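*Asks:* Residues per chain, in single letters:
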Amino acid sequence: MPIHNIIMYLCVMYSSALIKGTLKTIVLKLLSETEKMYGYEITQKVKELTGSKIVITEGALYPMLHQLEAEGIVTTETVNIGKRIRKYYTLTQTGNERAKEKIYEFADFINTMNILLDLKPNIKYV
Amino acid sequence: MFSLTEEQIAFIENDIKVRGITSPDLSIDLLDHICCVIENELDGYRNFDTVYQETLLLFGEKGLKEIQDETNRLLTFKHYYIMNSTMKISGYISSLMILSGAFFKFNHWPGANVLMLVGVFLLTVLFLPLLFILKFKESAESNRSVALSITGFVAAFLICIGIFFKIMHWPGAQFMIISGGVLLLLGYLPIYFISIYKNTTNKLNSTATVILIIAGVSLLSTETWISGIPRTTSDSFWRGVTESNDLLNFSIQENDKRYEKVAKQLSTDSSSRKSESILQLKSATDELMTYTKKMKAFLISKTEGISEAEAEKIKLDALRTAGGGGLPDILFGEPSSPYSAKQLQNKIESYKQVVEKIAPSTDLNRLNTGNFMMYGKEVSWEQSNFDQLPIALIIFNIIRIELGIIATESAALNQI
Numbered sequence: 001m002p003i004h005n006i007i008m009y010l011c012v013m014y015s016s017a018l019i020k021g022t023l024k025t026i027v028l029k030l031l032s033e034t035e036k037m038y039g040y041e042i043t044q045k046v047k048e049l050t051g052s053k054i055v056i057t058e059g060a061l062y063p064m065l066h067q068l069e070a071e072g073i074v075t076t077e078t079v080n081i082g083k084r085i086r087k088y089y090t091l092t093q094t095g096n097e098r099a100k101e102k103i104y105e106f107a108d109f110i111n112t113m114n115i116l117l118d119l120k121p122n123i124k125y126v
Numbered sequence: 127m128f129s130l131t132e133e134q135i136a137f138i139e140n141d142i143k144v145r146g147i148t149s150p151d152l153s154i155d156l157l158d159h160i161c162c163v164i165e166n167e168l169d170g171y172r173n174f175d176t177v178y179q180e181t182l183l184l185f186g187e188k189g190l191k192e193i194q195d196e197t198n199r200l201l202t203f204k205h206y207y208i209m210n211s212t213m214k215i216s217g218y219i220s221s222l223m224i225l226s227g228a229f230f231k232f233n234h235w236p237g238a239n240v241l242m243l244v245g246v247f248l249l250t251v252l253f254l255p256l257l258f259i260l261k262f263k264e265s266a267e268s269n270r271s272v273a274l275s276i277t278g279f280v281a282a283f284l285i286c287i288g289i290f291f292k293i294m295h296w297p298g299a300q301f302m303i304i305s306g307g308v309l310l311l312l313g314y315l316p317i318y319f320i321s322i323y324k325n326t327t328n329k330l331n332s333t334a335t336v337i338l339i340i341a342g343v344s345l346l347s348t349e350t351w352i353s354g355i356p357r358t359t360s361d362s363f364w365r366g367v368t369e370s371n372d373l374l375n376f377s378i379q380e381n382d383k384r385y386e387k388v389a390k391q392l393s394t395d396s397s398s399r400k401s402e403s404i405l406q407l408k409s410a411t412d413e414l415m416t417y418t419k420k421m422k423a424f425l426i427s428k429t430e431g432i433s434e435a436e437a438e439k440i441k442l443d444a445l446r447t448a449g450g451g452g453l454p455d456i457l458f459g460e461p462s463s464p465y466s467a468k469q470l471q472n473k474i475e476s477y478k479q480v481v482e483k484i485a486p487s488t489d490l491n492r493l494n495t496g497n498f499m500m501y502g503k504e505v506s507w508e509q510s511n512f513d514q515l516p517i518a519l520i521i522f523n524i525i526r527i528e529l530g531i532i533a534t535e536s537a538a539l540n541q542i
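These protein sequence lines map, in sequence, to chains C and D. Using our numbering, the letters of the first sequence correspond one by one to residues 1 to 126. Using our numbering, the letters of the second sequence correspond one by one to residues 127 to 542.
The hints are simulated quantities; they were obtained by calculation from the structure and are not laboratory data. Among the hints, a few may not be true.
Listed below are the simulated DSS-like cross-link pairs for lysine-lysine, each with C-alpha atoms no more than 27 Å apart in a straight line [claimed, not checked]: (1) Lys324/D with Lys383/D; (2) Lys390/D with Lys47/C; (3) Lys24/C with Lys191/D; (4) Lys53/C with Lys188/D; (5) Lys100/C with Lys83/C; (6) Lys83/C with Lys24/C; (7) Lys390/D with Lys400/D; (8) Lys387/D with Lys45/C; (9) Lys87/C with Lys188/D; (10) Lys188/D with Lys20/C; (11) Lys83/C with Lys29/C; (12) Lys20/C with Lys400/D; (13) Lys483/D with Lys503/D; (14) Lys188/D with Lys143/D; (15) Lys87/C with Lys143/D; (16) Lys102/C with Lys87/C; (17) Lys390/D with Lys45/C.
Every value quoted in this text rests on a predicted model; they were computed, and no experiment measured them.
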């Protein structure tokens with residue numbers, strides 16, 4: 001997997017500059033739809049939903065999850081899985097609101113880009 | 127799907143530690159993540175080690191440590207921004223306050239000391255520690271720059287706190303300033319010098335900084351040396367002060383004896399006009415002497431931070447280390463101050479009028495309050511006795527004035 005050696009914030013198909021600002025929105029959206037998720041699950045879910053077009057790397061995911069936890073947007077609970085511990089992330093009350101804001105903001109952004117680049121709009125607000 | 131054995135999990139857990147992950151919170155996440163990946167990738171063909179090595183590649187060139195660094199950066203970024211702006215603002219405010227405080231002091235405007243105090247206080251408790259923390263974080267890579275920021279901070283802190291103590295007349299100020307200066311010259315500068323010559327970029331700038339620091343510390347220490355009068359001179363000055371004070375007490379006693387003598391004479395040979403004059407002279411002298419005595423106690427209590435009752439009993443020798451900051455305000459502008467140079471001058475003038483009425487031919491030159499020639503410049507009586515002088519000299523001048531009063535009283539007694 002040589003590509004992982006090159007770019008940290010990585011997606012397979014899109015340029016990293018394009019994806020960088022949307023990472024948080026993606027994670028917040030996923031967490032708002034599921035009660036709780038662990039790190040590996042998040043990466044796999046994104047891969048699955050986008051048909052591997054977007055892949056969240058570990059190097060970007062975990063620092064962001066810890067930052068969200070410090071900001072009170074997510075809380076964690078730990079579950080023992082045999083010899084190891086699994087940490088589940090859940091959105092808090094403020095986290096839910098933040099998720100809605102972020103998703104709305106991004107959808108609005110895409111609409112604006114549609115107008116700007118004259119693409120045929122195919123976006124629905126959440 | 128395969129399941130990892132306990133040994134394999136323990137191996138990964140240990141390897142994460144070895145690769146520099148110190149945060150237990152993050153290592154839980156990483157351990158579970160790596161285990162998940164391996165369990166999904168393992169098949170009958172490849173062994174654990176190969177898959178593990180492949181999995182590590184997921185974490186990029188710099189590996190696991192990079193994730194921890196990135197996490198720390200994200201977590202501290204918010205604080206960093208707040209600290210950075212607090213540091214800048216407190217720096218601007220405190221330097222502005224100190225500058226305007228110095229300007230106020232120079233012009234004898236009220237409030238100079240408060241401005242300087244708050245300024246220095248802000249500088250020492252807010253600006254310097256923040257500067258240190260931020261510099262320290264920035265310089266965390268090399269040992270030399272860590273040593274540089276520690277010595278720099280301690281030296282600057284000592285000097286600032288020392289100046290603050292000096293303004294407040296607290297003990298230990300001199301020691302702190304001197305040790306701060308020594309640390310700056312012998313600790314900070316050598317390290318700084320080495321780092322310049324290891325680091326060739328911007329040599330001119332850094333050399334200029336070194337020269338400025340040396341010049342600053344030298345100026346600071348010359349100031350201390352100048353204010354520290356040579357021992358022999360200062361010893362004879364203090365002998366003069368204490369002896370003048372003894373002479374004053376002796377003269378007061380002598381005058382009291384004369385009053386007793388005169389009182390005895392008057393009881394036998396009563397002349398009402400004479401006894402009235404003597405009573406008038408005594409009460410006028412007592413009033414003026416009470417004022418000067420209280421004024422001394424008040425000024426000492428202000429500069430030494432003790433009560434007036436304690437100040438009355440203080441040994442003059444104990445004023446050796448006193449500074450006398452803040453007195454010009456009290457003696458000159460401040461309307462709320464109960465004692466002022468102008469008030470003392472008025473009291474002396476009215477005392478002179480009383481004496482002149484009782485004993486017209488008494489020599490009043492000892493109580494001259496007119497202008498005074500100093501270095502070819504005419505200086506007012508108030509200025510020559512009180513302005514810009516340390517407390518010790520002001521007390522000495524008041525003792526001189528008191529001696530003049532007692533001598534005049536004695537001369538007047540002879541006339542009656």
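*Asks:* Determine for every hint whether it applies to the structure shown.
*Replies:* Tested hints:
Distance check on the hinted pair: Lys324/D and Lys383/D sit about 82 Å apart at the alpha-carbon level, beyond 27 Å; violated. Annotation: proposed proximity of Lys390/D to Lys47/C is violated, straight-line Cα distance about 118 Å (limit 27 Å). Under the criterion of a C-alpha separation no larger than 27 Å, the hint pairing Lys24/C with Lys191/D is consistent with the structure, at around 22 Å. Annotation: proposed proximity of Lys53/C to Lys188/D holds, straight-line Cα distance about 24 Å (limit 27 Å).
Among the hinted pairs, Lys100/C with Lys83/C is inconsistent with the structure: their alpha-carbon atoms are about 37 Å apart, more than 27 Å. For the hint linking Lys83/C to Lys24/C, the alpha-carbon distance of about 31 Å lies beyond 27 Å, and the restraint is violated. Simply put, Lys390/D and Lys400/D have alpha-carbon atoms about 13 Å apart, close enough for the 27 Å limit, and the pair holds. Restraint check for Lys387/D and Lys45/C: not satisfied, since their Cα atoms lie roughly 114 Å apart, outside the 27 Å limit.
A C-alpha spacing of about 24 Å is found between Lys87/C and Lys188/D, which places the hinted pair at or below 27 Å, so the restraint holds. Between Lys188/D and Lys20/C, the direct Cα distance comes to roughly 19 Å. Compliance with the 27 Å bound is thereby established for this hinted pair. The straight-line distance between the Cα atoms of Lys83/C and Lys29/C is roughly 31 Å, outside the 27 Å bound, and the hint therefore fails. Distance restraint check for Lys20/C and Lys400/D: the Cα-Cα separation of roughly 105 Å exceeds the 27 Å cut-off, and the hinted pair is therefore not satisfied.
A threshold of 27 Å between alpha carbons decides the hint, and for Lys483/D with Lys503/D the separation of about 34 Å lies outside it, so the pair is violated. About 15 Å separates the Cα atoms of Lys188/D and Lys143/D, which keeps this hinted pair within 27 Å; it holds. Proximity of Lys87/C to Lys143/D is assessed by CA-CA distance (about 18 Å); at most 27 Å being required, the pair is judged to hold. Among the hinted pairs, Lys102/C with Lys87/C is consistent with the structure: their alpha-carbon atoms are about 24 Å apart, no more than 27 Å.
About 116 Å separates the Cα atoms of Lys390/D and Lys45/C, which puts this hinted pair outside 27 Å; it is violated.
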